[in-house]
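J.: Sequence:
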Amino acid sequence: MGKPYTHTPNSLFTLWLSVSLPLVLWDFSYVMLRPHSMPGGKYHLPWKPYALYCEIDLVYGFQHYYDGNGFNPAQSAMNFVETMGYFYYLWLVRGGTGEAGLLGVKKVVGKTAGKAVMVGLVACTATFWKTVIYWLIEILGGYKNIGHNDFNTIFWFWIMTNGPWLVLPLYGIYKFGSEIVEGLSGSEEVNGGKVE
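Counting with the numbering used here, you get residues 1 to 196 for the letters of the sequence shown.
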């Protein structure tokens, strides 16, 4: 019988989850509570920054809402599913052994390690490709939702705020995918996980 597979969560990925998960839940609740969460709505206060953002990205604005455009709620529903996957990943790695790292995550062994790596890979893949679709809709649609902005506004308020959901999930895909490939090849040393 071979040595059990282990997975030690990557610090950068865990840091990313500590920042992104609250933001995604905040965004999800804004979208799902519209029009009450929108400017002038009775619950708008926690989403005050969206008063600016819904003017920059019209997907979040009044016209899309009143037109019944389903993309934003569909995208937010997928965000919620991905977030539940990330929370499951964190729950799996919190039950590990050794010194607790960021968010209390620890090394996990055996089937739990395998589940954690698979859940992490699937969630990152879903996040990355959903974000690619979000960007492609804008690019291939002639920038109809953000094209009214100047370049600086697009760069700082659209690219810089949405870009991390491309870069960091892609990093997660690479890390989790590398662990799976190395684990399947029988390598003794894996990126963040290893066979012991």
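Hints should not be assumed to be uniformly reliable.
[Stated by the list, open to error] Derived pair list, reagent style SDA-like, types lysine to any residue, alpha-carbon separation capped at 20 Å:
| hint | residue 1 | residue 2 |
| --- | --- | --- |
| 1 | Lys3 | Ser185 |
| 2 | Lys130 | Leu58 |
| 3 | Lys144 | Trp26 |
| 4 | Lys111 | Gly85 |
| 5 | Lys3 | Gly141 |
| 6 | Lys42 | Ser20 |
These aren't lab readings, by the way, just hints derived from the structure by calculation.
Please read all numbers here as calculations on a predicted model, not as lab measurements.
J.: Run every hint past the structure and note whether it holds.
T.: Each hint tested on the structure:
At roughly 13 Å between alpha-carbon atoms, lysine 3 and serine 185 fall within 20 Å of each other, so this suggested pair holds. For the hint pairing lysine 130 with leucine 58, the CA-to-CA distance comes to about 18 Å; that is within 20 Å, so the pair holds. For a cut-off of 20 Å, the pair hint linking lysine 144 to tryptophan 26 is broken: about 25 Å separates their Cα positions. Between lysine 111 and glycine 85 the alpha-carbon distance is near 17 Å, which keeps this suggested pair within the 20 Å criterion.
Pair hint lysine 3 plus glycine 141 does not hold up; C-alpha atoms about 52 Å apart against a cutoff of 20 Å. For the hint pairing lysine 42 with serine 20, the CA-to-CA distance comes to about 26 Å; that exceeds 20 Å, so the pair is violated.
This entry does not satisfy hints 3, 5 and 6, going by the numbered hints stated previously.
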